[in-house]
Amino acid sequence: MKLKGRVWKFGDNIDTDVIIPARYLASTDPRVLGEHCMEPLNPTFAKKVKTGDIIVGGANFGCGSSREHAPIAISALGIPLIISKSFARIFYRNAFNKGLALLEADIVNEVDEGEEIEVDVTTGVIKLKTREVIAKPIPPFMVELINEGGLINYLRKKLEDHQ
Amino acid sequence: MGMTITEKILASHAGKDVVEAGEIIDARLDLTLANDITAPLSLEEFDKVGAKKVFDSEKVVFVLDHFTPNKDIPSAENCKLIREFSRKYGITHVYDGGACGIEHALLPEEGLVVPGDVVIGADSHTCTYGALGAFSTGVGSTDLTYGMVTGRNWFKVPESIKFHCYGKWQRWVTGKDLVLYVIGMIGVDGALYASMEYTGEAISALSMDSRFAIANMAIEAGAKNGIFKVDEKTLAYVKDRVQRPYTVFESDDDAKYREIFEIDAGKIGLKVACPSLPSNVKDVEELKGIHVDQVVIGSCTNGRLEDLAMAAEILRGKKVASDTRCIVIPATPKIYLEAMRRGYLETFVEARCIVSPPTCGPCLGGHMGILAKGEKAIATTNRNFVGRMGHPESEVYLAGPAVAAASAVKGSISHPLEVA
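Line order of the protein sequences matches chains A and B. Going by numbering that gives the first Met the number 0, the residue at position 86 of the first sequence is 85; the numbering climbs one at a time, nothing skipped. Going by numbering that gives the first Met the number 0, the residue at position 153 of the second sequence is 152; the numbering climbs one at a time, nothing skipped.
Everything labelled a hint here was simulated from the structure, so no lab data went into it. Quick reminder that beta carbons are idealized off the backbone N, C-alpha and C, glycines included. You may find that some hints are simply not true.
Selected chain A positions facing chain B (in silico; Cβ < 7 Å) [to be verified]:
{"id": "1", "residue": "12"}
{"id": "2", "residue": "16"}
{"id": "3", "residue": "41"}
Sequences and hints are given; from them, build the entire structure.
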């Protein structure tokens, strides 16, 4: 899967409380969650972001709570991919379970806000202005799960076979 | 090569003799947990996959603790949805209304988790049950659905980091000070994907309440789980609570650790994590005089009896400072009752504290104590991220119960000796 999108830069330790503050968690509606995405850090983010834009972050992206509302809020804005130096473990599983792609690469200091980058999510090749970077490969087990259509589709198939 | 306690528990649930760090396993679950925020998403997925039943109606637990007593109509609708689901599928363990307590204080207290268990919960602080010598970890709602339906899930066996603690604890110091010290030392991603294992004479000397607080905050260092050796205190704790048989696992002497830290308990003073990361840890002495608008004593980290006892000892016969609000939240109905019997609640009310029903409430900025722009709070909770307890320009300091209670009396961050 090849993507081309504008970069939104974030720093280290972007926690789930800033991705989607808890006061909005009474809703499970992706549209509502998307409207408040990143609000504490950048109140106009949800309004300005465009479908296809890419988030680039630093270390430990998605740390904090297990709320799946976080990847849902990001996906609801049409963001298909986050590239970060590293990801918190619960967020990592949640994102893949929700169909949001993640790539591990340390590029936050090499890109400008608003810059357009090209990414091949399958091979992990990220084309920057000056060079190409290859992201850490997605673990083979996760690739299998993605190929099955995600955990929920895998479960659905399993239940259908059973019944 | 020997195995760690975490590896042994995971191996036993995957039907294997041996597992190694990094290995992907499919493991049997003993319990799944969700709350009023995370269950609704899980139940949506449950319907989507066309599931007809849960794997075991006695092993699926719902605790309606986050936005309860319900703060608004959407929260009330979420709880209603969970109640209807629970009736339809015959779920035995639903904690609601006056039976509700903060999930991670409640489940051990109710005897629902036993040593050697594998537990997943759609709440990141599910790692708390490691204090019982169980493997427990937080997951998202989709993983929880998979667990609820199949009674299994996949795990990457984590590497282990050992924290060996020796020496004697100082007065007022609790498990919270140790875990803040550790997070300050290794950072908020210092144990990313790993298991944090606590051992040593100083750990044996800690109460179960302190051990729960330490395991609870493993996630704040990015860990998959926190875990403790089962000892006499653990066995005494589970004795009158637990109905199920259980297996005690123990790390081998030659088990493999990514890193081993030696910690002198006697050198750990009262710690405070400053805004806006749990790793931004300082000694309380360095922060004296910072005004606090609000104090919160409660949460799944520090809302247990030991915490309330310590706070009551400091607040007895004193008053909360006039321009400070202090909210005390006993974590479960049983803790609430015992605090009442021992006179702690009377002490709190006489000191002009607000005594809240058990709820996660202000910890995550949900309700029951939200901060305005520019306000500062000191709390015995677990996270101090930007806007965690309210306005994005409010700030949270994290501490143990003694520092929180002393700060309530002084109206500014204080050492308990200052108000003695």
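Hint check results:
1. 12: Constraint on residue 12 of chain A satisfied, holds at 6 Å.
2. 16: 4 Å, holds
3. 41: Since chain B brings no Cβ nearer than about 10 Å to residue 41 of chain A, farther than 7 Å, the hint is violated.
When held up to the earlier numbered hints, the structure conflicts with hint 3 and nothing else.
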